[in-house]
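A.B. asks: Chain order of the listed sequences is W and G. Residue 1309 in my numbering sits at position 76 of the first sequence, with consecutive numbering throughout. Residue 1552 in my numbering sits at position 319 of the second sequence, with consecutive numbering throughout.
Don't read these hints as lab results, they were simulated from the structure. One thing to keep in mind: the hints can contain errors.
Copies of one chain are not kept apart here, so a pair can be met inside one copy or by any two copies together.
[As the list claims (entries may be wrong)] Quick list of in silico lysine-lysine cross-link-like pairs, DSS-like style, CA-CA up to 25 Å:
| id | residue 1 | residue 2 |
| --- | --- | --- |
| 1 | 1308 | 1339 |
| 2 | 1527 | 1274 |
| 3 | 1308 | 1532 |
| 4 | 1258 | 1477 |
There are 2 protein chains.
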Amino acid sequence: MQFELQAECPDTGARAGIIHTAHGKIETPVFMPVGTQATVKGVPQRDLETELDAQIILANTYHLFLRPGHELIRKLGGLHRFMAWPRAILTDSGGFQVFSLSDLRKITDVGVLFRSHLNGDAHLFTPESVVDVQLAFGSDIIMTLDECLAYPASHEAARQAMLRTVRWAQAASQHYRRATQATVSNSALFPIVQGSMFNDLRQACVEQLLPLDAPGYAIGGLSVGEPRSLSLEMTELTVPLLPKDRPRYVMGVGMPAELPEYVARGVDMMDCVLPSRNARNGYMFTSAGRVVIKQTRYKDDPGPVDPNCQCYTCRTYSRAYLRHLFQAGEILFATLATLHNLQYYLDRMRQIRQAILLGRFRAYLDGVRSAAVE
Amino acid sequence: MQFELQAECPDTGARAGIIHTAHGKIETPVFMPVGTQATVKGVPQRDLETELDAQIILANTYHLFLRPGHELIRKLGGLHRFMAWPRAILTDSGGFQVFSLSDLRKITDVGVLFRSHLNGDAHLFTPESVVDVQLAFGSDIIMTLDECLAYPASHEAARQAMLRTVRWAQAASQHYRRATQATVSNSALFPIVQGSMFNDLRQACVEQLLPLDAPGYAIGGLSVGEPRSLSLEMTELTVPLLPKDRPRYVMGVGMPAELPEYVARGVDMMDCVLPSRNARNGYMFTSAGRVVIKQTRYKDDPGPVDPNCQCYTCRTYSRAYLRHLFQAGEILFATLATLHNLQYYLDRMRQIRQAILLGRFRAYLDGVRSAAVE
Chain W
1234 MQFELQAECP DTGARAGIIH TAHGKIETPV FMPVGTQATV KGVPQRDLET
1284 ELDAQIILAN TYHLFLRPGH ELIRKLGGLH RFMAWPRAIL TDSGGFQVFS
1334 LSDLRKITDV GVLFRSHLNG DAHLFTPESV VDVQLAFGSD IIMTLDECLA
1384 YPASHEAARQ AMLRTVRWAQ AASQHYRRAT QATVSNSALF PIVQGSMFND
1434 LRQACVEQLL PLDAPGYAIG GLSVGEPRSL SLEMTELTVP LLPKDRPRYV
1484 MGVGMPAELP EYVARGVDMM DCVLPSRNAR NGYMFTSAGR VVIKQTRYKD
1534 DPGPVDPNCQ CYTCRTYSRA YLRHLFQAGE ILFATLATLH NLQYYLDRMR
1584 QIRQAILLGR FRAYLDGVRS AAVE
Chain G
1234 MQFELQAECP DTGARAGIIH TAHGKIETPV FMPVGTQATV KGVPQRDLET
1284 ELDAQIILAN TYHLFLRPGH ELIRKLGGLH RFMAWPRAIL TDSGGFQVFS
1334 LSDLRKITDV GVLFRSHLNG DAHLFTPESV VDVQLAFGSD IIMTLDECLA
1384 YPASHEAARQ AMLRTVRWAQ AASQHYRRAT QATVSNSALF PIVQGSMFND
1434 LRQACVEQLL PLDAPGYAIG GLSVGEPRSL SLEMTELTVP LLPKDRPRYV
1484 MGVGMPAELP EYVARGVDMM DCVLPSRNAR NGYMFTSAGR VVIKQTRYKD
1534 DPGPVDPNCQ CYTCRTYSRA YLRHLFQAGE ILFATLATLH NLQYYLDRMR
1584 QIRQAILLGR FRAYLDGVRS AAVE
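Turn these sequences into a full structure, and let the hints steer you where they fit.
C.D. replies: Here it is as structure tokens:
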């Protein structure tokens, strides 16, 4: 994996670049659609590639470890081949899911013991095993196991979790080096900065992760219930401490209007379930604000969801038809709405990137802030 | 609507033709995918057209009358525009659904009073209103209201239902002529032959429907619980009584191996929910028999569902991946499996048509009968 910095905004921290992977290039800043169980819910891979032009998608280590299992995926040629997705994949560490989905969780320095939400089976994730699982996937970007706290957390709890996250990142990094020593690995390992909402802990975490000389760094522990202003504040504090020549990934954000805010703070990569999950629930993002498709006002509306959108859904179907599908509980709605919402996010990020490359990001950001329609 | 007869099998009743409609041609014999609520469940219209090359789909009068309503569909430019489907559409009369889905049903010669399965509202379908509803849709082929009995039915009950079906067809036909007198209508009205499993009633029904000089005739009241041999027997008896120069449509059949059997008896059009419904339940039709995708044997199977199939699903995904999607309850499974099953049915019908055109249908039929894998 190589990161090429192409342009920087003179007024903000925004930057445009290209991450080169064994599965193609990723133009940054980038929004990564979430494909938890090796599928972006309702969207065929062909559409992700040719309609949406997504360059990287996210998959979930916890879910795929439990089902169908990493050994099965390895046997079938890795995650790319398994899910027939030729472009880049990032897998998270599973830490977030273990802490939020799993029943039993026993955390020690060795790792975390948890019960499957599917059948109650007990499993142990260690910093080392999570690297092995992701190497079996063959993901282009893999993440270290971290301890992710809910908000709010006490300073002491946050400090302990941060220190453990650092120790796990060190162990993961060491294990990764050993495991990939003999072979060429195309999987780049990113550590995760934790520290809850405490400046000193975020700073201390970065300081201890920098010696790992990782090819990229993530900021985790955000979007866990804190006010949105706080997520941005933590990002603003953390990013400048990270190496300039490596991609920076903020996990789990955000709303459309927040994308340029994170970019303005020097973030290169983001992911979020919002566009896909909201789509399935009938909430669609448009250039004129949110469309809640079940509303009666759309009953006989012959226009597209967003007249400024070029996605398959907007090119083809009316709001009236989409409302009908939603009201009738038809699964085609999920597909069409997800296609649209993802296109909206990806287009927005492409506009942001274009603005940075053309030296117009400041104006773009001001425009978004003054419009503030979501 | 015009029907052009292209070829007839010298040994069986099979024939190939083209139905010309205002929304393109329909090459017969044809299998019509079912799109009950103005969507073939899980399949975008683009795929129906460019992947599957379906030339006509079926939609449901009862369901669309209740939701979103025929006046709404008329206002939005008719069913084709509403659902963004440029090719032909056939709508059934709603009779079957009223008799099988609706709670309250009060049948008189005037029509049938029923309660919506959605909210309990009372509605009246008359032979005339059902024509009006379908004219509002603008379907290329519309059906007369019929009384469809479950199997078994007594001769007397069947006789009464058949006579009412005839009277309703006469009323529908008369109303249709009046309603379309002033304007050019592209909707062709087909009456439905009833008579349960009684030869004399089927024959009497045809005799009374022939004076309507309809552009096509349907055989209804099959696939209602009777043995499959009986459905074929009724078809075999009825078809020769129908005009040779009009398309013949058997409603609601059948299994893949039955398609050539109906064609051999002179049937031009068929529809069935089996390929789409079975797909969603994990049952896939293949050239080597049925694949029940949840079976453990497919867990690590890297091959396509059907190595002889050229559909998007088989070109792209492994059985192992499809099984994973099914087990994980992912909606992409429904889309991919439906695409495959529909392609299987449509390909099969295209092979049958090709065999008839090349004068090889007898050999094709013998081959299917001796293979008998489903």
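A.B. asks: In ascending order, which of the hints set out earlier in this document are inconsistent with the structure?
C.D. replies: Of the numbered hints given earlier, the structure breaks just one, which is hint 1.
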